[in-house]
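S.K.: Spelled out from the first residue to the last, the chains are:
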Amino acid sequence: MDLSDIDPIKLIATLMVAATPLLLAAIGELVVEKAGVLNLGVEGMMITGAISGFAVAVETGSPWLGFLAAAAGGALLSVLFAILTQVALANHVASGLALTLFGLGLSALIGQSYGGQKPPPMAEVDLGPLNDLPVVGPILFGHDPILYLSLGLVAAVWAVLKYSRMGLVLRAVGENHDAAHALGYKVVRIRVLAILFGGACAGLGGAYISLIRVPQWTDGMTAGVGWIALALVVFASWKPWRVLAGAYLFGGVTVLQFNLQGVGIAIPVEYLSMSPYVITIIVLVLLSRDKSSAPGSLGRIFHASS
Amino acid sequence: MKLSKLLAGAALAIGLASTAMAADKTKVGFIYVGPINDGGWSQHHHESAKKMAEHFGDKVELVYRESVPEGADAERAITQMALQGADIIFTTSFGFMDATMNVAKKFPKVKFEHATGYKTAPNMSAYSARFYEGRAVTGFIAGKMTKTNKIGYIGSFPIPEVIRGINSTYIHAKKANPDVKLSVIWLNTWFDPAKEADATQTLIDQGVDVVLAHTDSTAPLAVLEKNGGYGFGQAADMIEFAPKPRLSSIIDNWAPYYIQEVQAVIDGTWASHNAWDGISTGMVGIGEITDAVPADVKAEAEALKESIAKGEYHPFTGPLNKQDGTPWLAAGEVADDGTLAGMNFYVEGVEGSIPQ
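Keeping their order, the protein sequence lines are chains A and B.
Following my numbering, the numbering of the first sequence begins with 1 at its first residue and continues without gaps.
Following my numbering, the numbering of the second sequence begins with 1 at its first residue and continues without gaps.
It is worth saying that the hints were derived from the structure and are not from the lab.
Treat the hints with care, as some may be off.
Said to hold, decoys possible - SDA-like cross-link-like pairs, simulated, lysine to any residue; straight-line CA separation at most 25 angstroms: (1) B:K226 - A:L84; (2) B:K244 - A:V58; (3) B:K226 - A:P8; (4) B:K226 - A:W64; (5) B:K226 - A:V283; (6) B:K150 - A:S4; (7) A:K118 - B:K226; (8) B:K226 - A:I6; (9) B:K174 - A:L3; (10) B:K150 - A:Q112; (11) B:K147 - A:P8; (12) B:K174 - A:I6; (13) B:K226 - A:L149; (14) A:K10 - B:T148; (15) B:K150 - A:I265; (16) B:K150 - A:L3; (17) B:K147 - A:W64.
Pulled out of the complex, with its shape left as it was, chain B reads as follows (with noise of 0.2 angstroms):
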């Protein structure tokens, strides 16, 4: 065994790797955007990766690498990895689609999953969660606790995900409280807490007192604790921040899809697909709501959240006009999964314009 482990390792050391030699074990491999400790996006998805490599043990080896940037490194990172032996990896950023995708097409042993896109291959799954089932919740809960009725959001790059997000929150502001306005920060980048920081002060500056963040750092929450105001976790719980700044979160638990997926390898069962689960299935979770939140607002948030859940109620549902007035949805319409996931616009009452 330890002959053949080693034999094993001087091969893969002179570049002879194949996914047969690693045989006996199944190796995962996980593409970062971030650091793996940013509190956020990266930290959450690499938590849900060892929380998969334990649930195996001995069955799978977990190889990842972390800050690598969107472009033509993530493309020599992912290659690396394949040649490195990985039976599937996994890349977690909307921005490694491309990538993945070109990289899988000249790997057609090794599976591939990427987090938030949409393009699939035969050998590429696309896996993604309805955040914005949980900014339905934060955004209902940020229209009940703003009292300059302003919120603020800090957006990412303009991808549909992101105005998704940005969507949903002001639909569910607006229900909680009729006069609330939203104010959107474009960073167009994922990480870089300075900036987060920087633009989380200029909102607070303007008046706003509530910040949702789609970023990837506890910056935004950092800068609200020491200023005042409210914010939310945002793909992992924060709790740290609790109970103020911080009154919940959305969480991103991974852990099982990724337990499924790699079990399916293993199997050798996996198939591409194109998964898109919420909060009904865990995938989008809800963290607790603090107690800075008063009773019957918690109490409707959490109404809202077993509503859908339970699939009763979707959180894009008409009427609902885009951001120039046209009609887009009808009284009573739900979107579809394939406008929501092109989304590339705002709805009414949204102020400013997306970056095209």
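Extracted from the complex, chain A is given alone in its bound form (with noise of 0.2 angstroms):
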């Protein structure tokens, strides 16, 4: 047992790479779900976003295609989930059930031939005599693009939300879509447009897995990450940093009982590995102590005729 052995600088960056995923879907489904839409397909739209990823950056050897790629796959399955809540107005929790059922396996059918393949790797950003500094180098510094942009989503969405006509209107909908309608705001489109945005998000925090975190494709390796994600919104009580907070808890924790078992620390493994469901449960549930603040409309079926 060599305490020693763990450098947190190390255990700061690796976190970070460990929470983005996570972080990258849970911020979609918080702008889902601040427009009145439960959508509980993330597990699907992140592991077809995987997938779609996966094979475009293979194809074309471009890891930014295989983003973009991503982000349309999770969209274009999204897209699914619009048009049975949306238009055919079916039930959100069924939808969206059926949603990630449906992207488990589509992936898998898609992912076929991928198995054993490479991805072409992605550059980490060279921000030259910066990414030396002591400290702060590692950690700021020296990462994937990606993840500084799921750092700069989180920002947007919090100040669009907080700041804008836009943001205003999106959780408007989401409040009390009745009365949005009457004001005279397209409740279905703007619903459709935070449904695909919420799909891309997932889609990017599948391929974060499938091309930089693993990087590799096998079936179903998002294994739950979706899930996570969801709940994590909920006790991030809809607000964006503190769903950034949250999912580098779940990641730092996550990352330090690995780092705890690796010097081989007396812990027992199962007190380990649950701890970051744990943790983070405990300590957004203290956070979200004063009220909870839902989305009024959340997960009710708007029709314009009711």
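Join the two chains, each given in its own frame, into one complex according to the hints.
M.R.: Okay, here's the thing in structure tokens:
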């Protein structure tokens, strides 16, 4: 047992990578839920993004095109959900679950010939001397561009929701779709756009696993991250910065418990394995003690006639 | 023929299937814990199954289900396969043991074969490979190749099969390099590429430069390739990662066993048994040792493999103490299969504790 083997700087750098897929999926789902739609298909959209990104990156040799395709793939799958819930007025929960099952199957089908292949590597952002700074260098700089994109997305979602007219309208649609409709806002159109955004974010998150974090393709490789993202949005009280904190906390505890195991610390492994879930839930529950801020129309079906 | 097939099909469809109806063809079922393209454990079982089906051609019908979770769902999947008229069912993960046993009791006419477990019944066999023999060779190479004197091991579940592998790895890494330290990370899953990747990254962050894995995907090798460091193929050859980071591999070759067992079912000579074979019969294969390994180390590793194959050397030969320092094997004494089958302790020198 030698705690000095744990390098806190590397730990933080690794946890940021570990948390990014979760963060991307959760920030997308946050926007979807803010618009009053409950899409339980995050896992399905992530895995679809993971394979479409992987396939395109392998075929074209460009990780950038891969991520683009991942966003498109996730969004395309979410179109199905949008049609079901916004046009056909199907139940959100059932449609979302179906989307997850469909996505898992579809990705396995597309991915049949991609097992054992290696995607092109994505270069890390080279900021020259900044990378060599002690402590902050490895933590803040020298990551891949998608990780910065995920942080930028959190800031953008927060700013748009809080300060822009677009954000206000989106929240209005989520809080009370009948009132928003009466004011003349296109509830269905706004929701469809939000669903597409959520799908694209989930797709990016999935591709982050298959192109950067692992990097390879295997069936079912998202292994439940989509579900954690869903829970994270709720526990973070639909607040973007809390989603970021929750995702990093979750990633951090995951990586920390591996580190503790690696140095042979005498905590039973079962406790270590459950610790990311337990600690994240406890912290976020404590944070959200104020009042539940679930969007008022979350998961309710909207039809202009009702 | 066509009509009879149609009728048989219809009978199957309405759930009147019985083993007698499918008598013209032997139906062989497989249950896998992971997807058949995991690049490792499940894929290799499936490839062996396909080789078996090719060997028999028309005489055998192969059915399988992939990604079956261990637990209650497994029992349902196995039951369903038995209801569909399978004559013999192979369940290929340790966690399927009790589920297989329960279903075996309900279908006395169907033969069951469970991989890597220890329970048997009149219609249920256990079969496993002595992976620890392969671990001796890869552990030896790991000990020689580490420059930081730190090697890492990614464990799935704390079951005897995995613990044997860790002990064998450590014993032989230590023989190659007396200063070696072994860090073990348990994942509590067979298959989760993201977790396997994170654990590998963590080990690398802690200064480990050779990582051995007992999980099912190729994620550890993918991470090693990105970061530098060495690893080994597990269950499958994983040759796509050669010559670096994959230095060698432990290959499970189940095909001959599957052919032998299915032949026994066809001949009507199948009998329950507990098979446990190693390098000598080819059930455990050692993948080509790449040129990244110096020639003298390669020669020593191959000599070790030969001596195990010939039965001259047993990877668990005394003097060996348990982790707490109590004596286990006296000098020259060889571990008996019973102790190995239920192994639930680390040998002296391995750090950390086994989750109970």
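S.K.: Take a quick look at whether K226 (chain B) and L84 (chain A) sit within 25 angstroms of each other, Cα to Cα.
M.R.: Judged against 25 angstroms, a Cα distance of about 42 angstroms means the pair is violated.
S.K.: Do the alpha carbons of K226 (chain B) and P8 (chain A) lie within 25 angstroms of each other, as the hint requires?
M.R.: Holds. K226 (chain B) to P8 (chain A) sits at ~21 angstroms (cutoff 25 angstroms).
S.K.: Is K226 (chain B) within 25 angstroms of L149 (chain A), Cα to Cα?
M.R.: OK: K226 (chain B) and L149 (chain A) at ~22 angstroms, within 25 angstroms.
S.K.: Are the Cα positions of K174 (chain B) and L3 (chain A) separated by 25 angstroms at most?
M.R.: Roughly 22 angstroms separates the two Cα atoms, so the pair holds.
S.K.: Does I6 (chain A) lie within 25 angstroms of K174 (chain B) when you go C-alpha to C-alpha?
M.R.: The hint holds at about 23 angstroms.
S.K.: Can you confirm whether the C-alpha distance between K10 (chain A) and T148 (chain B) stays at or below 25 angstroms?
M.R.: holds (17 angstroms)
S.K.: Run the distance test for K147 (chain B) versus P8 (chain A): straight-line Cα separation, threshold 25 angstroms.
M.R.: Between K147 (chain B) and P8 (chain A) the Cα gap is close to 22 angstroms, so the pair holds against 25 angstroms.
S.K.: Between K147 (chain B) and W64 (chain A), is the straight-line Cα distance small enough, at 25 angstroms or below?
M.R.: violated (36 angstroms)
S.K.: Hey, K226 (chain B) versus V283 (chain A), does the alpha-carbon distance stay inside 25 angstroms?
M.R.: The hint is violated at about 34 angstroms.
S.K.: Does K226 (chain B) sit within 25 angstroms of K118 (chain A), going by the straight-line distance between their CA atoms?
M.R.: With a Cα-Cα distance of about 11 angstroms, the restraint between K118 (chain A) and K226 (chain B) holds, given a limit of 25 angstroms.
S.K.: Decide if the proposed pair is consistent with the structure: K226 (chain B) and W64 (chain A), CA atoms, cutoff 25 angstroms inclusive.
M.R.: holds (18 angstroms)
S.K.: Below or equal to 25 angstroms on CA atoms is what counts here, so check K150 (chain B) against Q112 (chain A).
M.R.: Answer violated: K150 (chain B) to Q112 (chain A) is near 37 angstroms, above 25 angstroms.
Comparing the model with each earlier hint shows violations of hints 1, 5, 10, 17; every other hint is respected.
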